[in-house]
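So the chains spell out like this:
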Amino acid sequence: MNGFHDLLQFIFAGLTNGAIYTLIALGFCVVQNTMGIVNFTQVDFVSLGGMFLFSGLFWAGLPMGMALFVAVAGVTVMGMAVERLGVRPSRSKDHLVLIFLTIGISIVLRGAMKLIWGKNRMAVPPLAGEEPLRFAGASILPQAVAVLVITVLAIVLLVFFFRGTRLGLAMRAVASNQAAASVVGIPVGRIKAASFALAGALGGLAGVLVTPITTLSYDVGVLLGLKGFAAAILGGFGSFPGAVLGGVGLGLVESLTAGYVSSAYKDVVAFVVLLLVLFARPKGLLGK
Amino acid sequence: MLSAKDNIFYFLYLHRTGLTVTFLSILLLLWPMVESNPYTVGLSNLIAIYVLVVLGLNLFIGYAGQISLGHAAFFAIGAYGSAIATTTLGLPAWPSMIAVALVTVLVALAVGVPALKLSGHYLAMATLGFNIVVYTVLVQWDTVTGGPSGFSGIPYLTLGSLVFDNEIRFHYLVWTFAMVALLLCLNLVRSGVGRGLAAMAEDETAASTLGVDIRRSKVKVFVLSATLASIAGSLFAHCYAFVSPESFNIFVSVDFMIMVVVGGMGSIWGTLFGASLITLLPEWIEALDTFKEIVHGLILVLILLFLPQGLIAGLVESVRKKIALSK
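From first to last, the protein sequence lines stand for chains A and B.
In terms of the working numbering, the first sequence opens at residue 1236 and continues consecutively.
In terms of the working numbering, the second sequence opens at residue 452 and continues consecutively.
Take the hints with a grain of salt, since some may be wrong.
[Unchecked claim] Rough simulated footprint, nothing fancy, chain B against chain A, three-plus residues with beta-carbon under 8 Å:
id, region
1, 1300–1310
2, 1319–1332
3, 1338–1344
4, 1347–1359
5, 1431–1442
6, 1482–1495
No lab work stands behind these hints: they were computed from the structure.
For every residue, glycine included, the Cβ atom is placed at its ideal position computed from N, Cα and C.
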């Protein structure tokens, strides 16, 4: 029965990581849909979420719930600021230039984080207790449960947002046809800023949830973010169900490989899978 | 009838590319006789190596309109390929360099063909992922690559009895490579293939109606740029006799990309400027060590925001506009 317990353990780990990748992938998709660009600052939204949580807890002395909220809200504002100050003033509307811009802003953000919070790794306390829960012989950290529950909540909220609110519907309208959306009076510029804000919120949430597991540093978001990006493409870039499928799938494949094959090459799995998918089914699993 | 003066100017204008290349070559030929500091010459050698990488990358970004964030990986294949072939396997250096370049062609085809099938920026991700894979292999497969501490003892290149074992000798070798690549690229963009690429850069649909095979052209430029990066990598390994994974991580790829943007996307001459500026910048500004990321990022952001055609071309254009408006 030992093998079964191991398997269960790996699946839990995979689901937890998968949930994080999903949140990041969703952030990539939101901006891809409204602006048609890959937003590389998504990577730093993740680190920023962790940094803000750390500062909220230890510099401002906020309680956990409050610090969590402030951190996510902070990254949301940062997302909007990136769009307003970094992307919108661009004279060129060429996608290539805009993507390069997000890479540049991402480098600046990372440099700034390194200056403010330093290069050292920091520990962030988990949201829930430290005592592992037993489940069918496998042990699972309360933090992992929190990650899964909050991610599912976030996805439910996101579905509601895109189906039931004016802003969400406007965002979908811009995604499907920008010219037509502006003709019926949707303020496309503001919607783009909102999409960056939403991407910031999703990235920040991912950062808040993951940093208690991984420890925090200024570049913690890079690898996580790129895996989130891989997940987004895996599912079909721009597709929300695809992002969820890609994220969870990637998390599971990664943790099973790390468990059964080799943990040295764990970080490579995501990208090998991605290259294989691009080879066999270039539009992604759920791509149009 | 043109006057004698006009004739001279016309001649200069007509042969501007050839004359600039000749002038630059003479300058490079004489430079080591004036500059005796090996450190400075070493820096210029590094610039030449980066020029090789960035020339190809610039053609790819500027003409295929695609982003590669993985050229450090091709650079790595060249460097480690040559290192392993000459040191571990004891093969001769020049044939290994060619063999490694051929391997790079195959690898670039494997990455590029599927990713360039799609419109959109899938290649950015594929190359980025590829770079992470290569970097991880370099770090983890330590029995072959030497792991994080690097690979040392790579032999110097030789040509007959001439050994390229100091900066000055290497200067001539590496700049010869760089100038040949420069000439190749300058001629390429003026050939039929190059005109097709330029049309593709302007408008893909229009170019394809005129008979340019968009996908095939993109793959070709990608493979060319990867090959140049591989050759640059081989030279890099033989020049320093030591390679370590840190010279080939994704941030190096990003730096290559910054060089392209600073020089101007699609500008061959700009490549020289972009590679020089980004390589020399840390030498000029002491404080840059702490602020390296921010400075690099800000350069990239500001140039893209205000002078998206590149620093030099952008400044020239804005000055021209000022003069035209003030008349």
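So, going through the hints one by one against the coordinates:
no.	hint	result
1	1300–1310	violated (count 0)
2	1319–1332	holds (count 9)
3	1338–1344	holds (count 7)
4	1347–1359	holds (count 3)
5	1431–1442	violated (count 0)
6	1482–1495	violated (count 0)
In the structure shown, a violation is registered for the earlier hints numbered 1, 5 and 6, in ascending order.
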